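Enquirer: Numbers 101 to 285, taken from my numbering, label the letters of the sequence shown in order.
Please keep in mind that the hints were generated in silico from the structure rather than gathered at the bench. Note that the structure is predicted; figures quoted are calculated from it, not measured. Ideal Cβ positions, reconstructed from N, Cα and C, are used throughout, including at glycine. Just to be clear, a hint being listed does not mean it is correct.
Derived DEER-like restraints, expressed as beta-carbon distance ranges [said to hold, decoys possible]:
1. Lys225 to Lys191: 20 to 28 angstroms
2. Met268 to Lys191: 43 to 51 angstroms
3. Ala101 to Glu257: 28 to 36 angstroms
4. Lys103 to Lys206: 18 to 26 angstroms
5. Gly140 to Lys103: 33 to 41 angstroms
6. His235 to Asn205: 15 to 23 angstroms
7. Glu160 to Gly249: 25 to 33 angstroms
8. Lys269 to Phe137: 16 to 24 angstroms
9. Glu138 to Gln224: 30 to 38 angstroms
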Amino acid sequence: AAKASCTPMTYAFLYVLAYSGIRKGEAFALKWKDIDFEKGLIRINKALSYCPKNGLYIKEPKNGLSRNVYLDPVTLDVLLTWKEQQKRLLKKNQLSDSRQLVFHNKNNEYFNPSYSNRWMKKIQKEFNLKQISTHGLRHTHCTLLLEAGAPPREVMERLGHLDIEITMKIYAHVTEQAQTKTAER
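With the sequences and hints as input, model every part of the structure.
Expert: Structure, rendered in structure tokens:
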């Protein structure tokens, strides 16, 4: 639905959230230098936030934890395709790749993080989909990882949680489903 109705940048943004589990503030803070296409990873070392008093600002990732998030080949291809489209759109831009934001507004500046929920609502309305927030994409990503048998510690590290208990509290329903399946076996 996002690919059919959104701009290439919005599609890439939502795709990255769904297939990486990163937070929207982390995605909006990304510059191309944070993505290593050869190693297949995103370096999460900052996040964009908004405060009514001070406006947009860059901060450390939640919990102060920098991390590497490895990506699958399709997600890397979505990002690479967006990067090439972006270059064509920003021909007049004199910024180097290292300074260029991956996801930016029409003035080539940071988006207010709340915009992502507007994009989701537009898609949901247009395609009559169940409502989910952009943060819900993170929860879905993690749930699918755990259901697929990813070790909880790896999921915890991917998400940037401080400890395994946080991960397991949030995704307890997955472990309950796994226990039910174990009992059935």
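Enquirer: So, against the hints stated earlier in the document, which numbers end up violated here?
Expert: 1, 5, 8
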